[in-house]
Structures are given as structure tokens and as C-alpha cells.
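A.B. asks: Sequence:
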Amino acid sequence: MQVPQLLVLFGSQTGTAQDEAERLGREARRRRLGCRVQALDSYAVVRLGLPSKFIFEFVHEVPSVGTEGLKLASSDPQRPPSELQPFLAPVITNQRVTGPQHFQDVRLIEFDITDSSISYAAGDVVSIMPSNSETHTQQFCRLLGLDPKQFFLLTPREPGVPHPPGLPQPCTVSHLVSRYLDIASVPRRSFFELLACLSPHGLEREKLLEFSSARGQEELWEYCNRPRRTILEVLCDFPHTAAAIPPDYLLDLIPRIRPRAFSIASSLLAHPGRLQILVAVVQYQTRLKEPRRGLCSSWLASLNPEQGPVQVPLWVRPGSLMFPETPDTPIIMVGPGTGVAPFRAAIQERVAHSQTGNFLFFGCRKRDQDFYWQTEWQELEKKGCLTLVTAFSREQEQKVYVQHRLRELGPLVWELLDRHGAHFYLAGSPCTPLSPELLDPLHQLPADEEDNLSPPQDARAPDSKPELEALSTVEEQEECEGQAEEECPICTEPYGSDEQHQALLNCGHSLCVGCLHQLLGITPRADLGRVCCPLCRQKTPMLEWEICQLQEELLRADGPQRPVPIASTTPLRPGPGPWGSLEHRYHLRFLAGPVGGRSCLPFLPCPPSLSTWLWTLRERGPCARRLSLLSLLALELLGLVLIFMPLMLLGVFFMLLDRSSH
35 MQVPQLLVLF GSQTGTAQDE AERLGREARR RRLGCRVQAL DSYAVVRLGL PSKFIFEFVH
95 EVPSVGTEGL KLASSDPQRP PSELQPFLAP VITNQRVTGP QHFQDVRLIE FDITDSSISY
155 AAGDVVSIMP SNSETHTQQF CRLLGLDPKQ FFLLTPREPG VPHPPGLPQP CTVSHLVSRY
215 LDIASVPRRS FFELLACLSP HGLEREKLLE FSSARGQEEL WEYCNRPRRT ILEVLCDFPH
275 TAAAIPPDYL LDLIPRIRPR AFSIASSLLA HPGRLQILVA VVQYQTRLKE PRRGLCSSWL
335 ASLNPEQGPV QVPLWVRPGS LMFPETPDTP IIMVGPGTGV APFRAAIQER VAHSQTGNFL
395 FFGCRKRDQD FYWQTEWQEL EKKGCLTLVT AFSREQEQKV YVQHRLRELG PLVWELLDRH
455 GAHFYLAGSP CTPLSPELLD PLHQLPADEE DNLSPPQDAR APDSKPELEA LSTVEEQEEC
515 EGQAEEECPI CTEPYGSDEQ HQALLNCGHS LCVGCLHQLL GITPRADLGR VCCPLCRQKT
575 PMLEWEICQL QEELLRADGP QRPVPIASTT PLRPGPGPWG SLEHRYHLRF LAGPVGGRSC
635 LPFLPCPPSL STWLWTLRER GPCARRLSLL SLLALELLGL VLIFMPLMLL GVFFMLLDRS
695 SH
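Just so we're aligned, residue 35 is where the sequence shown starts under the working numbering, counting upward by one.
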């Protein structure tokens, strides 16, 4: 009988659809069904199959035939590099371009592409394949009991399954872990599901099954997604399970490292044989002790070409930014922060072709901290090749952003768009989406304002008269690996105070508590208990956040307040035992009237501070309750001693006088 074949096709950019497709494939094979999981783009073109299960065959001697396969990415000079065959580009320089006092480390990295067939234009994107750090690689091998220097061969269990792309044959364990397995990513639900099947430890398997169940998703989010816990850290928390993982399941358990895309920040006309990128190192803090770091940005920042030759696998693909080819078309570029990187390549290319009418709106925090390529912009401005408009948000008391500069130069912008057909470009990081307020000045400009179109004094008039349509596009500039913001992306206020306390949503984005309360106020009744993220539009259940807020408020409080006693008309009955009798005395002498109105003895005053202290001590537990009752009893005895002590001393004095007289 022929076994039915099941084909699962997926299309994914973030890995969610691929993770679900692989889970369906494992479920089908568990039910004795032949299943093949493939990507949509690979099935129709080359009929490639997604690797499912492989057999690791460890070898002691490396075959001479496969030694050339270890030199990954030694591309053919006649063919352009691609993901399957990237180019190993030597790193020329790796310098920090932000000040030492700036909160973020931003790097300008330059690669040598002379020996490759790479050719790019302004607006193109370079893809870089990162690697795990040496420390994490060694730690992973120790957890699983693997020898990093040992070679192995991969053999597919099912026919028709191709070899994993980008993995040489034979390969070392160190190469597999450092360059292929994404152990620094946040695991998904299917990871815990498969890990529970491989766990021999009862307690660890029970916890893994809870994380993979539908009821444990809230706890899984609290344990893994909210603090951004990595696969390596999860394996450290389950050491018995990690030590029992067979090597055959590594490719099914851990996803492959995905390439990161960066906008090219240079032009071949200005820097022949070179390729430059501007990288903002992703680093942020969660409730975990170890700070979260971006895989690619941290790896690139750690490369030091001064200590030895360093090579990075990369390839170039076309971007979405298309600049005009006509020489007399002006362009308006808005690039705050690292979003200015693709515009630098465009400006260098246009200046090399003697194209004028370049208007750049650049925004950053401080002039002396994160003003990228300040000297280069000023030199181009002196030559008349560039009109630069800057906005420094932290140099004055009132924050100024690029949208404010657009509003101030509204007549000039409208003239360029309406009369000269200028192209409008907006670039920024996908991790911190640009506010829609950036485009508000364009909508507010009146179309009939033709008599007041003279440019302001601080702006340079264009030298050309183009006649093209306006174009608005947004270019992804840098990798999105986590929330590294130091300020709220909505109100742009820095985190720190109570109203500006950072709140992390389920999607991974963060915003301040004040903006979160505003979002809760406009939540419709149908979505009660949920809030829609303003950045990615993903709904987040607010129950977990409200519980954490309540816990923080209770911790900040001074303790339970003492309720106002209410006089009771019914007589109080003593409880059983001596403690019940003492408590009955306590109620009669202390709580029957207003606070401080009565004391241990009816004719002795009791300070209110003592009453408050005894009440707080009593409410802390049974031992504190007994201690408070004994304190009241001791206070009463002390009062009796203080009252009758003068009478006793007077009686003794008269007795001594009477004896002395006899």
C-alpha cells in the first residue's frame, strides 16, 4: 500500500510560518504519513526540500575529497555572490562614530570587495551572515557533550531531501554551532514541544510539556518572550535535557542563522572597491542579569582588523530606494539617526555625476555625540552640492525634531514638490518606526500658497528645474533584533520616572506607562483587556502587565493601612485559652473606642504612635500577634507598678519611722 504523501509549503520572513510548517511536518510523520516541508519560492523553481531529519556520522579522519568544502563562500569571480555562495569580504576599518558619552555604540565598517564581482548602486542593500561568539559556541558544546573539533557527515533519513544550504561536507561541530545554528535566538513553542520528547528527566520534561501546551502560553511568554531568553540560556536551565539531545535532532530543534540586511552607506564612484555600512549595536536590558545583545551587530562590532585579517560573508541585493536618473531632479531626503546611511550613498553618487538639488534633513540627539559624517556634509555644503538642515533634539530645553524643520521650511519643501517635481525619501530603522508626524508638515502645506514660496534665509535655493512626480518611500536600514530604545517611541521621552516607566508588550516593543494608559483608554469594548501595539498593530493581553503593576504598587507601599475602628454595641466575648483572654482585654481596652482614646488602664493616656505600632505588629502574623498581646499585658503591669509604687514606698517609709521610734 502506498503511503500518502503530504506537502507543506510556507512563506516566511520572520520564521513564524516556517516554525508552524515544521511542526505540522513532524506531526504528519508521527502519524506514519510521508511529509515534505518546503518554502514557496523553492518549490516552484528548483524543487528544493527543507531538511527534516539527518543522521550525523562522526568521522575521525577527514576525507581528502571534502576538504575543499570547508572553505565556505569562496565564490566564483565570474558569478555574483549570493546566499548559497557569499563572498568573504575582508574588513578594512571598524571604527565607532558616536561619542564616548553617547548611550549607543554606532560603527562605520568598511569592506574590501576588490576581488569580487560585486557591483551596487545607491539604495542597494547588503546582506551579512553573522556568527555566534566563541564563548557561546564553547558553552553550547559543553552542555551537549560535543567535541568542537570533531568532523561529521550528514546523511538524510528520507530520500529526496537535499543537503542543508551553506553547510559544507564534511563539517566540524564548531562550524555548525558558530555559523549555522541560531542559538542566540528566542525559542518558539515548537522548540519546547520537541525538547520535551527528547528529555529523559521527569521534572524537566514536565516543565517543557507545560511550556508547549495551550495552557502554558502565558507562562511561556513570561519565561521566554518577555525577558528575551535565548535558546542557549534555556538549555542551561534544563541541563539534563540538554546533555541527552542526540546530534541528529540539532537541525530540527534549532533554526538556522538568518542573514541581516543593511543599507549601503557608500558609492563605488566615491570609494572604488569598497563597501561601507553604518551599524547601530543592539543592546538593551530586561529583567535578566545579562544584557540582551543583537547577534549580527554585536558580532560586527567585535571584529578588529588590527589584530589580524577578518572576513565577513556577504552579498548584495537590490533595494527599494530608486533615485532619479535625470540630472536636474532635486531630491528631499529625511534621514534621522542611522537612517541617513542610504542617503550618503545617493549624495556621493549624485555629486560624482554633478547633480545638484540635494536636500538632506538630518536629526540626532547632540551635535558632538551622534552627528554622523559632519565634516563631509559641511564640505559638500560649502561646495554648493548639498543643502543640509539639522535638528538636535537634546541640545536645548525644548526638543526639536526633523518634522519641526520640515514645518519651518514648508514653503521651500512645497515649492520643490509642486513646481520642480522633487522626489521625497524617508528612511529609518524598522525597529523604531518613524512617527506619522514626520509627514504631517507635507499634508499641512497649502496647495494654493504660490505667492509665499520664497525660501527662508537659512536654506539654499535649488539650481535646477525638474518636472517629475513626487515619490515617497521608506527604506529599511538596519537589523531589528530587539528593543534597544532609551526613550518611548510615541512621546519620545526618556524612560526613568514613574510616568515614563518602560512597559514591554507581547510583541516585543516597549513604550512608556503614560502612553500605555492612553492606549487603554481608547481600547474598544470588544477588545476589553487587550491593547493594540501602535508600532506593529499586534494585540497584547494586558492581564499580565496589570498584575505586574499591582505587585510593584504593593511593594512601593508602606504596608496595609490601619482601618478606622467602629464601636460595636454587642458585648465582646473572650476567646478560648489565655491568648483569647488577652485579646478580649485588648479589644475592650484599645479597640472599643477611638484610636488613642483608651489605653491599657482607663486612667492612663496611650500615645497614638504606640497604638499604630502595636496594630502593625499584630497584623504581621500569629507570632507577632502574640507578641503584641504580651506587650499590652506588660504595659498594663508597668502601669500598675508605676501607680502603686509611690503608695508602697510611702508605707515602707512609715514602717521604718515607727520602728525607729520604738
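Since the hints were made in silico from the structure, they are not lab data. Don't be surprised by glycine CBs; every beta carbon is placed ideally from N, CA and C. Where hints are given, some of them may not hold.
What the hints assert, rightly or not - Straight-line distance between alpha carbons at most 30 Å, and here's what the computed DSS-like set of lysine-lysine pairs gives:
(1) K400 with K433
(2) K417 with K400
(3) K241 with K323
Said to hold, decoys possible - Label pairs and their computed distance ranges (CB to CB):
(4) E244 with A277: 15 to 23 Å
(5) L237 with T169: 24 to 32 Å
(6) T424 with L43: 44 to 52 Å
(7) E244 with D149: 29 to 37 Å
(8) I126 with L237: 31 to 39 Å
(9) T409 with T148: 32 to 40 Å
(10) L237 with L74: 39 to 47 Å
(11) D282 with L237: 21 to 29 Å
(12) T424 with L237: 37 to 45 Å
A.B. asks: Please go over all the hints and tell whether each is borne out by the structure.
C.D. replies: Against the structure, the hints come out as follows:
1. With a CA separation close to 11 Å, the supplied pair K400 and K433 stays within the 30 Å bound.
2. Between the alpha carbons of K417 and K400 the distance comes to roughly 25 Å, so the proposed pair stays at or under 30 Å and holds.
3. In summary, the hint linking K241 to K323 is supported, as the alpha carbons are separated by about 22 Å, within the 30 Å threshold.
4. Range check, E244 to A277: about 21 Å between beta-carbon atoms, so the 15 to 23 Å window is met.
5. Here the CB-CB span from L237 to T169 is close to 28 Å, well matched to the stated 24 to 32 Å.
6. Range check, T424 to L43: about 49 Å between beta-carbon atoms, so the 44 to 52 Å window is met.
7. For the hinted restraint 29 to 37 Å between E244 and D149, the CB-CB distance of approximately 53 Å leaves it violated.
8. Between I126 and L237 the CB atoms are about 52 Å apart, so this pair departs from the stated range of 31 to 39 Å.
9. For the pair T409 and T148, the beta carbons lie near 26 Å from each other, so the given range of 32 to 40 Å is not met.
10. For L237 and L74, the Cβ-Cβ distance of about 41 Å falls inside the hinted range of 39 to 47 Å, so the restraint holds.
11. Between D282 and L237 the beta carbon distance is about 25 Å. The supplied range of 21 to 29 Å therefore holds.
12. Our hint of 37 to 45 Å for T424 and L237 is violated, since their Cβ atoms are close to 59 Å apart.
In summary, the structure is inconsistent with hints 7, 8, 9, 12 from the numbered list given earlier, while agreeing with the others.
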